[in-house]
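*Asks:* What follows is each chain in one-letter form.
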Amino acid sequence: DAGVIQSPRHEVTEMGQEVTLRCKPISGHNSLFWYRQTMMRGLELLIYFNNNVPIDDSGMPEDRFSAKMPNASFSTLKIQPSEPRDSAVYFCASTGTDNYGYTFGSGTRLTVV
Amino acid sequence: TQLLEQSPQFLSIQEGENLTVYCNSSSVFSSLQWYRQEPGEGPVLLVTVVTGGEVKKLKRLTFQFGDARKDSSLHITAAQPGDTGLYLCAGEEAAGNKLTFGGGTRVLVKP
Chain A
1 DAGVIQSPRH
11 EVTEMGQEVT
21 LRCKPISGHN
31 SLFWYRQTMM
41 RGLELLIYFN
51 NNVPIDDSGM
61 PEDRFSAKMP
71 NASFSTLKIQ
81 PSEPRDSAVY
91 FCASTGTDNY
101 GYTFGSGTRL
111 TVV
Chain B
114 TQLLEQSPQF
124 LSIQEGENLT
134 VYCNSSSVFS
144 SLQWYRQEPG
154 EGPVLLVTVV
164 TGGEVKKLKR
174 LTFQFGDARK
184 DSSLHITAAQ
194 PGDTGLYLCA
204 GEEAAGNKLT
214 FGGGTRVLVK
224 P
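Respectively, the protein sequence lines represent chains A and B. Under the working numbering, think of the first position of the first sequence as 1, with each following residue one higher. Under the working numbering, think of the first position of the second sequence as 114, with each following residue one higher.
Treat each hint with caution, since some may be false.
DSS-like mimics (lysine-lysine), calculated; alpha carbons at most 25 Å apart, straight line [stated by the list, open to error]: (1) A:Lys78 with B:Lys170; (2) A:Lys68 with B:Lys183; (3) B:Lys169 with B:Lys211; (4) B:Lys211 with A:Lys24; (5) B:Lys183 with B:Lys169; (6) B:Lys223 with B:Lys183; (7) A:Lys68 with A:Lys78; (8) A:Lys24 with A:Lys78; (9) B:Lys223 with B:Lys170.
Source of the hints: derived by calculation from the structure; they are not laboratory data.
With the hints as constraints, model all of the structure from the sequences given.
*Replies:* Here it is, written out as structure tokens:
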């Protein structure tokens with residue numbers, strides 16, 4: 001398995017633009033998580049899905065953030081409009097029913113200027 | 114929200130020395146996981162501990178889960194430069210498989 005695949009690896013965008021981050025979880029994993037990592041706040045859970053259904057989105061900072069999981073093999077995290085304070089590394093992770101830990105993607109480094 | 118505090122935040126040691134990283138909480142977790150993260154990559158799972166008092170060994174790494182399942186430690190014996198990285202503990206809540214991460218301990222092992 002190629003692991004959790006995220007794209008793009010790097011994104012630089014101007015304030016006010018829409019940003020879409022993509023994630024392909026490991027085949028067979030039924031839970032998917034979106035995290036944001038910054039030096040100041042560490043790893044913060046934004047939202048997670050079980051069987052494609054959003055379970056907890058309490059970590060989504062504002063209405064500017066939205067996430068979807070249209071099927072078991074794809075998820076998106078969208079920021080519209082983006083702001084400089086959204087600059088961070090965004091990670092997607094997945095896990096299966098055995099729940100033996102998360103498998104993380106390599107992350108998307110987002111810079112909003 | 115269950116919080117996990119890691120200490121120290123940063124550790125710099127010479128190759129061959131031992132080190133211990135601590136992960137503490139006032140809450141009880143059903144399991145606790147340790148990850149290591151290298152620059153430009155996502156965290157990678159090292160171990161999961163489930164039973165209070167459990168000790169697991171992974172080569173030179175020893176992980177312990179506290180009896181009350183509120184705290185954990187990671188001990189590295191004879192550290193090597195390849196052990197350099199950000200070590201993260203993460204606690205699983207009783208319901209579901211949502212993980213809460215600690216702030217991390219950045220370890221630098223100098224040759």
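*Asks:* State for each hint whether it applies.
*Replies:* These are the hints, each one checked on the structure:
About 41 Å separates the Cα atoms of Lys78 (chain A) and Lys170 (chain B), which puts this hinted pair outside 25 Å; it is violated. A distance of roughly 34 Å separates the Cα atoms of Lys68 (chain A) and Lys183 (chain B); the hinted pair therefore is violated under the 25 Å criterion. In summary, the hint linking Lys169 (chain B) to Lys211 (chain B) is supported, as the alpha carbons are separated by about 22 Å, within the 25 Å threshold. Distance restraint check for Lys211 (chain B) and Lys24 (chain A): the Cα-Cα separation of roughly 19 Å lies within the 25 Å cut-off, and the hinted pair is therefore satisfied.
A distance of roughly 16 Å separates the Cα atoms of Lys183 (chain B) and Lys169 (chain B); the hinted pair therefore holds under the 25 Å criterion. With a CA separation close to 32 Å, the supplied pair Lys223 (chain B) and Lys183 (chain B) exceeds the 25 Å bound. Our distance criterion of 25 Å between C-alpha atoms is met by Lys68 (chain A) and Lys78 (chain A), whose separation comes to about 9 Å. Taken as a hint, the Lys24 (chain A) and Lys78 (chain A) pair is honoured in the structure, with Cα atoms around 15 Å apart against an allowance of 25 Å.
For the given pair, Lys223 (chain B) sits about 23 Å from Lys170 (chain B) by alpha-carbon distance, which is consistent with the 25 Å threshold.
Taken one by one, the earlier hints fail for this structure at numbers 1, 2 and 6, listed in ascending order.
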